[in-house]
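Q: Once you have looked at the hints, place chain B on chain A.
There are 2 protein chains.
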Amino acid sequence: MRTRFILIQTSHAGNVGGTARAMKVMGFDDLVLVAPRWANVLRREETIQRASGANDVLAKARIVDTLDEALDGVDHLCATAMTPRDFGPPTRSPREHFRQLLAGASEGTADGAPGRPGGVAFLFGSERFGMRNEDVYRCHACLSIPTDPSFGSLNLAAAVQLIAYDWRLALGPMAGGVAPASAGPRLADAASVAGMLEHLERALVAIDFLDPMAPKKLMPRLNQMFNRAALQEEEIHILRGVAKAMLETAARSKR
Amino acid sequence: MRTRFILIQTSHAGNVGGTARAMKVMGFDDLVLVAPRWANVLRREETIQRASGANDVLAKARIVDTLDEALDGVDHLCATAMTPRDFGPPTRSPREHFRQLLAGASEGTADGAPGRPGGVAFLFGSERFGMRNEDVYRCHACLSIPTDPSFGSLNLAAAVQLIAYDWRLALGPMAGGVAPASAGPRLADAASVAGMLEHLERALVAIDFLDPMAPKKLMPRLNQMFNRAALQEEEIHILRGVAKAMLETAARSKR
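For the protein sequence lines, the chains are A and B, in the order given.
Using my numbering, the letters of the first sequence correspond one by one to residues 126 to 380.
Using my numbering, the letters of the second sequence correspond one by one to residues 126 to 380.
Hints were generated in silico from the structure; no laboratory data involved.
Careful: at least some of the hints might be erroneous.
The list treats identical chains as interchangeable, and a pair is accepted whether it falls inside one copy or across any two copies.
In silico DSS-like pairs for lysine-lysine, Cα to Cα no more than 30 Å straight-line [claimed, not checked]: (1) 341 with 369; (2) 342 with 369; (3) 379 with 185; (4) 342 with 185.
Computed from a prediction, not measured in an experiment: that's the story for all the values here.
With the rest of the complex left out, here is chain A:
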């Protein structure tokens, strides 16, 4: 299964190198950095030293400005955060979540319809501040690595190592690694869900339902609701069609 590791606003070069090594040793190679502290972080000496031979992962890695640009082709997002957020996705241990995910179980859905995701991304926040709420809200699950309650200070590259390990073991042995053909409709990827939500937000403002000056938690809530639904591509088209009709009606009402 397509697997991407996304580091958001990482500040230590050593952690980028350590992440590349941690990924490669578990057979993963798709790394994206969102707004790292150092623009040249992939070429810094400390990075290369800690990567310890995982140079191909560094060479393939992309640097982007926003999380949106990091989400093409992935349709299931896992936050990693020590602190659960209100209005955020459900908090689960990695092992528990991976079991559910790969069983194709869609806990909380009425008919258990959606199958396995096509691509998974694991998001890691900055060393200092962890993940921002708005990034956590976009995720389908918040993975919480069990740690000592009195010392939860897990190094970033160590967290990547643990997630990569559990995910590798959940996927099954490394050789071959051919995913079973997925039945059922194509799930929308995270980028198209984000695009739809942005469209819908404009429409909700236009019909005077959402006050942009006091948005409260409306959009995060809707985001979570649609995440639970595991939207299909066709449903994205429907929802965008609804948003478009709302915007047109609102425009007519103001003529």
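A: Okay, now just chain B, sitting in the frame of chain A:
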């Protein structure tokens, strides 16, 4: 259960610090160094930096000259080695071995005595050469962490992190782990979902998105989508609020 981590002939100070942190985050604090390269490794700047607050583990740590001196009070030894040795103990994945060990299985213990061990030690060889054969021979099991066959280069502190994690999970949860954000919202019942859908249908007609003469499968599709989302009561209120605002905007547009 008494748990000790033993690093043999470690040469990088950063790995000693990283090991202390990796242990502490999983609730372990018994570290012994056998003949490290630097006699002052516990006080080196890089060690302390990478330990990132696990100073009590460093303060308690012992440095000894031989493996024998590191083994007091432990009765089950696990080697960690990438390469199985002839005449060595059985090679197992950590997870598999821990399950057997804690189930009280006697297989693999030196004397075949039943029951759980009183104390366990995990042995890690030097960064360059791994474990010496004669040290592996003393162990009850050789733990092999599953890695990519083409890149098995696991960092020492990362290996400690993975073993500490699997062992912690095998021992059972730590008291006071991360609690979920909320006790779980109330799900909407089928009647209120149906009421919301009827409200939404009228709104979709009003904004000219749904043609009541040719409705196709729009409402059944939306129904399926909302079913998968397992709507909460509060979300029903939100969606009805959106439908109401759509109806009002449409009414204004026709004045």
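Q: Each hint needs a verdict: does it hold in this structure or not?
A: Taking the hints in turn, this is what the structure says about them:
no. : hint         : in the structure
1   : 341 with 369 : both (23 Å within a copy, 19 Å between copies)
2   : 342 with 369 : both (23 Å within a copy, 19 Å between copies)
3   : 379 with 185 : neither (50 Å within a copy, 56 Å between copies)
4   : 342 with 185 : neither (37 Å within a copy, 44 Å between copies)
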